[in-house]
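Protein chains: 4
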Amino acid sequence: MVCDAVGITCEDIAEDSYDASHPAFVSSVSENRHMASVRTPDPNPGWISEIALDETRSRVPILYVEAVPVRLNSLGQVDLVGVLLRGSAATGQLTRTLVSGRVMHGESVREALLRNLEKDLGPTAFPQLPASIVPFTVAEYFPLPGVAPLYDSRQHAVALAYVVPVSGECIPRQDALELTWLTPEDAASDDVLAEMEGGRGSLLREALAFMGALS
Amino acid sequence: MVCDAVGITCEDIAEDSYDASHPAFVSSVSENRHMASVRTPDPNPGWISEIALDETRSRVPILYVEAVPVRLNSLGQVDLVGVLLRGSAATGQLTRTLVSGRVMHGESVREALLRNLEKDLGPTAFPQLPASIVPFTVAEYFPLPGVAPLYDSRQHAVALAYVVPVSGECIPRQDALELTWLTPEDAASDDVLAEMEGGRGSLLREALAFMGALS
Amino acid sequence: MVCDAVGITCEDIAEDSYDASHPAFVSSVSENRHMASVRTPDPNPGWISEIALDETRSRVPILYVEAVPVRLNSLGQVDLVGVLLRGSAATGQLTRTLVSGRVMHGESVREALLRNLEKDLGPTAFPQLPASIVPFTVAEYFPLPGVAPLYDSRQHAVALAYVVPVSGECIPRQDALELTWLTPEDAASDDVLAEMEGGRGSLLREALAFMGALS
Amino acid sequence: MVCDAVGITCEDIAEDSYDASHPAFVSSVSENRHMASVRTPDPNPGWISEIALDETRSRVPILYVEAVPVRLNSLGQVDLVGVLLRGSAATGQLTRTLVSGRVMHGESVREALLRNLEKDLGPTAFPQLPASIVPFTVAEYFPLPGVAPLYDSRQHAVALAYVVPVSGECIPRQDALELTWLTPEDAASDDVLAEMEGGRGSLLREALAFMGALS
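Protein chains in written order, with our numbering: chain B, -2 to 212; chain G, -2 to 212; chain A, -2 to 212; chain S, -2 to 212.
A couple of the hints might just be wrong.
[Stated by the list, open to error] Taking CB as the label site, the calculated pair distances span:
id, chain 1, residue 1, chain 2, residue 2, range
1, B, D188, G, L82, 36 to 42 Å
2, G, G89, B, L174, 55 to 61 Å
3, S, I48, B, L82, 55 to 61 Å
Read the hints as simulated data drawn from the structure, not as lab findings.
For glycine and all other residues, C-beta sits at the position ideal for the given N, C-alpha and C.
I would like the entire structure built from these sequences, with the hints used as guidance.
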């Protein structure tokens, strides 16, 4: 697949063509199917075509979830922070990013969070989703650089951002080339922050502050 | 205006036909206009037609903000909770609700919150928006009753919900018939909760718990 | 041991005579010992006599931690809430309570939380302490009933209250007769709330609201 | 007054010799007096002698409140952050600090917060205490430098830290030489952080992150 031929990044495609055999996805779809029998004739409500998604992106802010995977010690203190190293077809550069993905129509925020964690960290990461749905911050991405710290050329996106402890082995799928575990000190370094896609360095710093790990 | 002729409630129209002379809206539009010169030819980016909005509602979850207006004493304790008494053209019934509205394309969450507070409480309410953008909860509305505590027949909506102290006089506009100030005890009563639109009684109880005022 | 002969509850004693072989305690003590070599001659800084504790209780508010143990599903939603059934020597009655204990001198809040979780739930509970030290609420207990919702006849206490997921087997120690796992609905019932010691029913409801599980 | 002759800083004295005509203090005392008629013969329960306070400081962690005063714009975004420039008799140096003070016996956290804001910012600051008692962080000060980021030579202290918008004129009292209003960028600078007393630079950065203002 030649992602950059159509001017979109691989993330776009990965995000919307997730594995339909995924348990969270199946449960979401079956829930939607139940809804569909009453209200919505669309047999596949969460998924929409790239054209429809582009049109939608020009109309409303798009809701995302983002996650900072962490390894905690027995006292709950953060030992390591997971950062994805991902190839961007749009720029040809390797950039660092966080677990991130769209909330589908009919999908709950928790389902979207779990689905995107499994998409980016693999099926054996064993993430422990938080007991409260309140995010550590709300990240607002605007399509023009410089308007706000966070930037997404594709869209106006609003992301609910969570810190998620993972206890298992993380095996990123194809589109995420590598997961790097950094100490809090390294994660807060200017070098790492400068490599974060779309200004997510500020988001990573807020996550570290939330954990009391911003040196 | 005959709202119900087209099967939508008055809230839909009020929400999308806000006063274009509103300062927040003007700043948002001017910001958008600046964006528009580079990317978006649409001269009125936040606003979309009812048809486009209906289509969009079938594709993605729609981002909302909601606010519980409160009167605080000098110690920050809640004296009174503001609840709107609003007529629903869809059902013909009077129901209670919270300050609520959509986040427009190109609009920040804070701008949407201030705009909707002014839309529902008038220009002299003097709301004090919180220093942190983290909501007290994330409210998820699904279009089928019974799936979740919160329900919105029009759409899958996700609302960032805030407690907002107001110090001025609240003069609800046309579509909100009345603003009622309730004590925390009355706001938590089963009677009030049963009258709350779309299951927002649970949301109001979470707001009271957040303020330590759930008896 | 005849707790009630001296007019204090078993909790007092249990709280201050914790197992010195406990890893958290050992690390705390060794840290204190290091401090002691420079500043403090007291060989056992966290522990103080009952007489000194009583005197201290008349002088300053005493800092506590409290925890609501929960079983979460893979989406982070609460399945079950753990409530302790505990004998109070002061009243002779069985009452329900939460995991609770004092923060010792020289002990961090996280160490106190882990130590009290292990004291009340045993060594195989495997609690996952939260990534953020921010509590879901701050609970204030005053020594006179009726002043505030929360009441502690022994003292003015201020507790940092946390929701803590546990994944292992909980085996309460001697002073806690039983750990009961309740559904969120049962935990919010008026019956359970009336049985909670010192007004902790309101605290439990705030925990449920924090988890979005207050029906 | 020669503070340093007895090895304590001026803050100690200022903290415990607050104006007895202060409304918050009066209300606290009258509440305590009411308690006193039933349980406590001490006519002045919150106040304790320096000797008793020193003894208490060796026994239990001492509960504090801290506040970062801020000027917010109409959208709730932080324009300016207030930092106190304060003389330390112990070191002879001028250092920067935050609004800070002990929670007295019988005093609520909110009362302590309001009292200390008025002590440090004067009677016309008009602070708006937050609707929720949940702090943005819990700050732990240990008496040995290097154990934790935060340090207090006098004691093990645990502070509940809040961001508090102020709308009036701030006139610091004698012991606080000056209140400086800084932009978020300046407040986050390495220069300012290095001047913060007891490691409070990390606390100030967490406050900025909480407000989404950490550049």
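Here's how the hints hold up against the structure:
1. D188/B to L82/G: 36 to 42 Å: 56 Å, violated
2. G89/G to L174/B: 55 to 61 Å: At roughly 58 Å between Cβ atoms, L174/B and G89/G fall inside 55 to 61 Å, so the hint holds.
3. I48/S to L82/B: 55 to 61 Å: Holds: the Cβ-Cβ distance is about 60 Å, inside 55 to 61 Å.
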